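Those sequence lines, one after another, are chains X and P.
Going by UniProt numbering, 103 is the number at position 103 of the first sequence; the sequence numbering is gapless.
Going by UniProt numbering, 400 is the number at position 400 of the second sequence; the sequence numbering is gapless.
These are computed hints drawn from the structure, not numbers from a lab.
Careful: at least some of the hints might be erroneous.
Claimed, not checked - Label-pair restraints from in silico Cβ distances:
(1) P:Leu361 with X:Ser57: 41 to 47 Å
(2) P:Leu361 with X:Gly152: 41 to 47 Å
(3) X:Thr122 with P:Ala113: 49 to 55 Å
(4) P:Lys126 with X:Glu148: 47 to 53 Å
The structure presented is a predicted model; accordingly, all values stated were derived computationally and were not measured.
In this text, a Cβ means the ideal position worked out from N, Cα and C, and glycines have one as well.
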Amino acid sequence: MALRMWASSTANALKLSTNPKSPLLVSPAFSLSRCFSTVLEGFKYASSHEWVKHEGSVATIGITDHAQDHLGEVVFVELPEAGKSVTGGDSFGAVESVKATSDINSPISGEVIEVNSKLSETPGLINSSPYEDGWMIKVKPSNPSELESLLGPKEYTKFCEEEDASH
Amino acid sequence: MRGTGFWQLGQSITRRLAQTDKKTIARRYFASEAGLKKTVLYDFHVANGGKMVPFAGWGMPIQYKDSIMDSTLNCRENGSLFDVSHMCGLSLKGKDCIPFLETLVVADVAGLAPGTGCLTIFTNEKGGAIDDSVITKVTNEHIYLVVNAGCRDKDLAHIEEHMKAFTSKGGDVSWHIHDERSLLALQGPLAAPVLQHLTKEDLSNLYFSDFRVLDINGAQCYLTRTGYTGEDGFEISVPSENALDLAKALLDKSEGKIRLTGLGARDSLRLEAGLCLYGNDMEQHITPVEAGLTWAIGKRRRAEGGFLGAEVILKQIAEGPSIRRVGFFSTGPPARSHSEIQNDKGENIGEITSGGFSPCLKKNIAMGYVKSGLHKAGTKVKIVVRGKSYDGSVTKMPFVPTKYYKPT
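In isolation and in its complexed conformation, chain P is listed as follows (with noise of 0.2 Å):
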């Protein structure tokens, strides 16, 4: 019975399988099967229980030994450890790498103070995302950034023709791919008291969204207060021929406590914070006011413009965008990616983005995208799971309170 009754590919890849071109499909599904790329830890996590697949062109932990439930509670409980060597670490520097940059993000990047950074959006012409990226200005002349791995060759390409027309016009500013280093995110309340074994630098002085060059663990290291899961935390980039190490000293010094943890749970706990996920929750047709990122267009921006796709984004903030990512708690099964979202007539208003079971809350919980007008907190829904529709409401994000280290 070779051949037959396999578990088979999903029922919303396969639909979409069977609306576009299955040979571009094949092929890039057998490109990256063959070639995938691996980060310097690829044996480390396979030695240590690692369940290894494909990711974005890697291959990457999907979970270890512990469970995706389990790996996500812990991380609130005590700590994470992830290598997100898959993403792409860049500089840009020279003296109009600021300019330059905000011709394609819509942050105030001139406005940040040297050492601090946030959340930002590349945009295109009709002001849809490209990429989210956490932008750190290092110095006046040195900004560094990390985008998504799925997106890198986009991103790389879209920078680079920009930078070349730019730079053509008289504009200082060159780029440096950070593929000699290495990631790693390490989230949790544990994450500040570890990492501060290993570094002389006091990091109760190093709040969310900071950035400081300092040694960890005998290495020189970019470390940025930041992370995907809405605990404290940081990512930590580190030379490659060091990351093995620092990994080994951080699991170390947690006693045991804070758990190598991987891509399910990591998907897991940026859902409980209510964090877009490229590519599921935020795409080229839609901008970052409907995505609900408004707070992340600098208010400099909102006045001056200047970067792709401003004037639609403008306009959207001057009168509100027709539709709006929120969140939901459903009854039945979990809502997942592409699920209808009805009104109690059984008409359509919008669809899920992501969803699944919250591990800290035993429940059901998704986002995605409804009409305005539709998007206030406690707004009865239907959500269409397999041709059946179960109760849900729109309900405010993160569903589990962030536990940023703000100053107080």
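With the rest of the complex left out, here is chain X (with noise of 0.2 Å):
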């Protein structure tokens, strides 16, 4: 997900630094904000914090509980049509919420099979329920290799403790 800050122009014209390696808007800066946001077994993860869960030849993607904290209120999602096809780490949509924009990036590349079209009455799924309700789309993966390079579940826990910690 590539954050736009919550004002990027406002952040440009008063310079307004953030952090070009930094993948959350938001830069806690003490440790009791670091969120212990639910991770889930069974699921990979990219570092641009979207989720995939790969069941028989069908893929589930959405953005994970970590990155739905730190965006805060969805208020609009835009996501591709189903036909269309997706690429590993390039963006297929986008998310707005109260203060910032995002893209959205597939962990994975093939042919989106399926929308979830409760999203664009019901953004708020996405922060209700990240895992289940507010999922995305699901695609006919092209590459299942893709996969294996994914994050776990430990391995993506790490990854968001070692991001906020280094702010």
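Reconstruct the complex from the two isolated chains, following the hints.
The structure is reproduced here in structure tokens:
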């Protein structure tokens, strides 16, 4: 997810600096704010904070609890149509929250076979149920080996902790 | 996979990076990361869950434990306390401080009664806005003003340059930069009743834009009934050694209803109130007339001119500006700054300068500039976000009614 600043041109105009290496809009300056977000077993994770659940020939994709927590209330979701193809590491849509616009990257390549149409009416499902009702797209993977290079639950948890600690 | 798939810089920043000298931006970035200034309340923010971000060279809270949505709503329902000590307080003193300031701003400073203030704009030779500022006449020989943190250096350089020229011709004016003070903004319906607990002065006699020097919680403060949220409220300049005690006292007296509020909600609040953010909605090349701030140009100043860029500005008042700042409602994703505005035929008619999802109205609001003639409320427009165009319409501002405390 490529997070755009909550007021990016403000940021620019007022010399508000953003860390280009930082995955998070908000840099918690203290340990208490480090979130102990839910990370589920059986899922794979991208360092850009999306998850993949691979079942048979279908991979479901969404954003993590950690990501939704940092974004705040999601107010709009932009998703591709079924039939489009997505590429691992490339943006396939966007999430708008009160404070920021974020691109969503696809962890894997493939063809979109289904889109969560509930999100257009109820984008807040991403906040309330990031791993279930807030899923975004279902993809038929074109290169299942991509899944192997993604992070497991433990690795992803560690990744989030290190990332927060580096601020 | 470290090093790939990082959440990148925002698109608009990236776009600007591509267009600008990358080294300059990089230097600026590293400098501000390394040497961020802290207000005296920094540790207090952190202890209260503040998520600190770099802002105009300062480490400031963008939000606390509450979401930006909840913070925004709580300000309008109860109240907010903001640390705005990064902003620059300045006193101009001397018997000629008023004629001096009038050479740089559009306000009728001479016409202000002592103890009152107004919003004004510092202009350049072309009539563009250098900054906006709330100025207050303390006495006929003392003006107190607050300028934006992000504009501090250029504003002070600008004022100093003109002050040198002015004094070299015998004018009597000097300045004092209030780095010994901190600035708190107390906003919302509970602001006045809560602040009343901490001062003997009767606040019911202090109206919007009024100013007093008075004792609050045992410290001598500069109090202005103003703010940046559209709510009734105050900005309190307090000696820095008393700022923490005052912040705690204000929160205590509200019994938890007034909450610490960060820059994120501050941006939502000011946008809902239709207030300009300098650097977004107003810039060096935008005149006060184009920005819809003609009301801030004093009547006498319109007749006499005598401020930088007056020829351009007075001509625009007479003939009308070619572009105007207006508000929008829109469908789809929230319009953000730099989104293109089009007419029905898909032709460019302007650009969004600020936008977001309104926590109070639960819909997208934005402001931006369109060609004159297309600025009337109800005009249908298209707003382009990530290559798709969405329906919008020109709307009167403020989006959320303001509640300034004015005499009835």
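Each hint tested on the structure:
| no. | hint | verdict |
| --- | --- | --- |
| 1 | P:Leu361 with X:Ser57: 41 to 47 Å | holds (44 Å) |
| 2 | P:Leu361 with X:Gly152: 41 to 47 Å | holds (43 Å) |
| 3 | X:Thr122 with P:Ala113: 49 to 55 Å | holds (54 Å) |
| 4 | P:Lys126 with X:Glu148: 47 to 53 Å | violated (60 Å) |
Going through the hint list in order, the structure does not satisfy hint 4, though it satisfies all others.
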